[in-house]
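A.B. asks: If you read the sequences in order, they're chains A and B. Numbered according to my numbering, the first sequence spans residues 1 to 251. Numbered according to my numbering, the second sequence spans residues 1 to 234.
By construction, these hints were calculated from the structure, which means they are not laboratory data. There could be a bad hint or two in this list.
[As the list claims (entries may be wrong)] Below are the PhoX-like pairs computed for lysine-lysine, each with C-alpha atoms no more than 20 Å apart in a straight line:
| # | chain 1 | residue 1 | chain 2 | residue 2 |
| --- | --- | --- | --- | --- |
| 1 | B | K87 | A | K71 |
| 2 | A | K18 | A | K216 |
| 3 | A | K114 | B | K11 |
| 4 | B | K87 | A | K186 |
| 5 | B | K3 | A | K186 |
| 6 | A | K15 | A | K223 |
| 7 | B | K13 | A | K45 |
| 8 | B | K11 | A | K108 |
| 9 | A | K75 | B | K200 |
| 10 | A | K74 | B | K200 |
| 11 | A | K18 | B | K3 |
| 12 | A | K75 | B | K11 |
| 13 | A | K74 | B | K11 |
| 14 | A | K71 | B | K200 |
| 15 | A | K114 | B | K13 |
| 16 | A | K5 | A | K45 |
[Said to hold, decoys possible] Incomplete in silico selection of chain B near chain A, CB under 10 Å:
| # | residue |
| --- | --- |
| 17 | K13 |
| 18 | M14 |
| 19 | R17 |
| 20 | L19 |
| 21 | K87 |
| 22 | T102 |
| 23 | S107 |
| 24 | L108 |
| 25 | E109 |
| 26 | M111 |
| 27 | G112 |
| 28 | N114 |
| 29 | Q166 |
[What the hints assert, rightly or not] Ranges between beta-carbon positions, derived for each pair:
| # | chain 1 | residue 1 | chain 2 | residue 2 | range |
| --- | --- | --- | --- | --- | --- |
| 30 | B | K4 | A | G19 | 27 to 35 Å |
| 31 | A | A112 | B | I33 | 38 to 46 Å |
| 32 | A | G37 | B | G207 | 23 to 31 Å |
| 33 | A | E70 | B | N29 | 47 to 55 Å |
| 34 | A | K186 | B | K208 | 27 to 35 Å |
Backbone N, C-alpha and C define an ideal beta-carbon position, used for all residues, glycine too.
Given next are the chains, with one letter for each unit.
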Amino acid sequence: MIAVKDIHKTFEGNKVLKGISAEFAKGKTNLIIGRSGSGKTVLLKSILGLFDIDSGEIWYDNRNFTETREKDRKKMRQEIGMVFQGGALFDSISVEENVQFPLDMFTKMSAAEKSKRVKFCLDHVNIEKKAFGLNPSEISGGMQKRVAIARAIALNPKYLFCDEPNSGLDPETATVIDKLIQSLTKEFEMTTIINTHDMNSVIEIGESILFISKGKKEWVGTKNEILNSNNKKLNDFIFANKLYAQMKESK
Amino acid sequence: MLKKVFARPEKHKMYFRQLFHEIDNLGVNSVGIVIVISVFIGGIMTIQFAYSMANPLYPSELIGLGTRDTLILEFSSTMLALIMAGKIGSNITSEIGTMRVTEQIDSLEIMGVNSASYLILPKLVAVVFIFPFLYILSVFFGILGGLVTGPLVGVISIPDYIEGIQWLFIPYYVTFSIIKMFFFGFLVASVPAYFGYYVKGGALEVGKASTKAVVNTNILILLFDLILTRLLLT
């Protein structure tokens, strides 16, 4: 489980996070949703320690991340997998080497063990063997996201973070990525936090949803509750898409 | 940034692998251009020395001597470093800058890798290591360029040129230039790496950072050239 308590973050006098508190459960796909500029990415990067917060606490299970020294944070980061919006694969090395990179860096596995683990991870995200030797620029956007997921789970992480994992993908591929993240979360019992503004993802895999607006927590619930919420800001966000307004009416 | 760069590596084996890759990428891949430029400059300098010494009072050996000393003291060190700042420096800034804007550096940091050290240290060591070799190569091919061009265009005979390049040779000039190359190598790797590592924005900003890096590196090379010449040669 990951918990954030009263997080504040300011950039050059501009308050981006204004006292957000939330809990993200283990074995569930926890979604952070909100408009562009609402503070989703800042919240995610603050939890990851890429941004130092002004005040508040971040807990990874029973460990206070905010009070952890940089040296110990580095060790903790080996328990974290991250899927970036653009994949962030290393473009000078192959698909296989990308997944192997964390294993090379942090394990004492033999070459055979590493190769087996790489194959296991890439098989899990349905990457065919013929793509193993290709460079990231030679594969599609959807495949890049799947390779990024494979790299993120290579070290068997306890925590998985995804920043808009299906942005730039067609609806069908986006659903495949969503389902893949959800199934991996269940299979490996990870605490997964997904940052998105894609309502399809919300309806598909939103087991726990945190809606933030202008740096504040506005609503918390599940995909079954979201269409019936009375929160005006949330409704404005969801029903900007007429499809969901029609879905609510038909319910 | 330098404190982060020189921090203890997470895994030495990975850093050594990167180091050999960078020696090949930044050093060995520069050999061709160094040879081409040096041969041409050596030839051009020989013709120019011959032209400016077209006086029967000057011994013709001075042409070889002038070409040799100019190559050893200034061209193969400072001028070569300025050229390499353009080639290697822009390569380093654009590579690291692109990694920054495409979140590859964030990705390394989240994995627990010291990104500054992993990306910059192998480049820094590779460039500092390879620069003296490029210098020696440049001097050799510059002198060879003069040897081919001078007699070819008829401004000096081969025996006079060979005698000239051996005349009044001061070995300390080579030592002095190799010392300079260590400093220039450090500048050519570290300044562009700094500009690339801290770039913000997108492709346009990476391009701008690359230009800024080359300009700043060139200015620093000239400044250090002045300081080192004053300290070591006068």
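A.B. asks: Going back to the hint list, which numbers does this structure go against?
C.D. replies: Numbers 1, 4, 5, 6, 7, 9, 10, 11, 14, 20, 21, 29, 33 and 34 - these are the hints that the structure violates, sorted from lowest upward.
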